[in-house]
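Based on the provided sequences and hints, a complete structural model is requested.
One line per chain: the protein sequences are A and B, in this order. Numbered per the working numbering, the first sequence finishes at 201, counting up by one with no gaps. Numbered per the working numbering, the second sequence finishes at 152, counting up by one with no gaps.
Treat each hint with caution, since some may be false.
Said to hold, decoys possible - Listed below are several chain B residues computed to face chain A (Cβ distance under 10 Å; list not exhaustive): (1) S13; (2) M18; (3) W31; (4) I34; (5) D85; (6) T104.
Stated by the list, open to error - Facing chain A, a subset of chain B residues (Cβ under 10 Å, in silico): (7) L23; (8) R30; (9) S35; (10) R37; (11) H41; (12) M43; (13) R48; (14) Q73; (15) E83; (16) G102.
To be verified - If you want the ones that stay clear, here's a sample from chain A, every Cβ over 10 Å from chain B, calculated: (17) D87; (18) R91; (19) R106; (20) P151; (21) W152; (22) S167; (23) T169.
By construction, these hints were calculated from the structure, which means they are not laboratory data. From the three backbone atoms N, C-alpha and C, an ideal C-beta is built for every residue, glycine too.
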Amino acid sequence: MSPVADATMTNTAAATDTDADRRPDLGLARRAALGDRDAFAEIFRRHGRSLYRYAVRMLNGDASEAEDAVQDALAKAWTNIASFRGDAELRTWLFRLTINEVTNRRRGRRPIAVDDQLLEVTPAQRHTDPSQHVINRELNAALDAALTELPWRQRSIWLLREVEGLSYTEIADSLTTSPTVVRGQLHRARRTLAIRLEQWR
Amino acid sequence: MSATDEWPEDFESPVLDMAAGHLRERSDDRWVEISNRILTHAMSAVRRSKPVRAQAPGGVVHISEQVLTAHLQTVVDGIPGIELDRVDFDLDGDIYRGIELGVTVRYNERIIPLADAVRDAVAIELAVLLGPVTPRVTVTAMVVHVTDVNQY
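So this is what it looks like as structure tokens:
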């Protein structure tokens, strides 16, 4: 029998267990590309919630639109995952798909103009006996409200960096811009949000 | 401030950081309710798959690359110590010309015997599935990834 015509070996630091829970993202992506539905389900389990969380905040809390956006992004991921070769992180690739879907839906909405010199501090509720749970809930609501008033790109960058933990380079790749622009937009976003939440300091 | 200025990395806002932390930790109300629905719908999307010519007793038939890949995955995954992670068919129209396989081998496994086993198993399976086609079914190339169990 003739030997294998060509064998190229690479070392990768990855789990070998067939249990999808322990497999790294690239391994899961390869298996999903073969049609392994369990592998894709694990990808979804790891990243789906983050994609949805991002989509909800970018679509001003519209849960139904966010669900549609994430669903369409993941459908594209399922059909095109064979094209993912591991040049970037899988989550970056998934966020890029989600950003496209969210952006397409945003185009149908009226933009909210924001002058960051006129932003006001969001007043905190006064409680005679505030429980931490109530305070946290109100802070959460204040943040959500403040996010809807950020310019689109600042909002996206702040969420991707401060909530989802993507690097400047990953964010730049996802938004087709440069890390320098990302840093500048992030600084503006942080400044604006901090002012809006000053009352909770 | 211009894009070339240095942005202060230490712009501090404990309240904002705390709010960001809350956002990371809290669950959106509908997530549990909708997550299964999202996944089910996403995976119902149809993947494009090229047809591959096969020779059946009754004449020429076509089998999709996806179906062939699913059969090969079952065959290769049945070989201990090795796992299939990529299949690229080389087609001339709908005629099979060759196949490149990507496999993952556990560290310390003997690669050559495993690769030979995969090549033979895949060639046999493809011959069964495609029938007596011309040119004869062969496995063209294989890419082997070696993984290190000690990393986890």
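The hints, checked one at a time:
1. S13: holds (4 Å)
2. M18: OK, holds: B:M18 within 10 Å of chain A, min 7 Å.
3. W31: holds (6 Å)
4. I34: The hint holds - B:I34 has a Cβ within 10 Å of chain A, the shortest such distance being about 5 Å.
5. D85: holds (4 Å)
6. T104: Holds, about 7 Å.
7. L23: With a closest approach of 5 Å, the B:L23 hint holds.
8. R30: At about 5 Å, which falls below the 10 Å cut-off, the nearest Cβ of chain A leaves the hint on B:R30 intact, so it holds.
9. S35: holds (6 Å)
10. R37: The hint holds - B:R37 has a Cβ within 10 Å of chain A, the shortest such distance being about 8 Å.
11. H41: holds (5 Å)
12. M43: With a closest approach of 5 Å, the B:M43 hint holds.
13. R48: holds (7 Å)
14. Q73: This hint holds: B:Q73 lies near chain A, its Cβ roughly 5 Å from the closest one there, short of 10 Å.
15. E83: holds (7 Å)
16. G102: holds (7 Å)
17. D87: Non-interface label stands for A:D87: nearest chain B Cβ at 15 Å, farther than 10 Å.
18. R91: holds (14 Å)
19. R106: holds (19 Å)
20. P151: The assertion about A:P151 holds, with a minimum of 16 Å to chain B.
21. W152: holds (18 Å)
22. S167: holds (14 Å)
23. T169: holds (15 Å)
Of the numbered hints given earlier, the model fails none.
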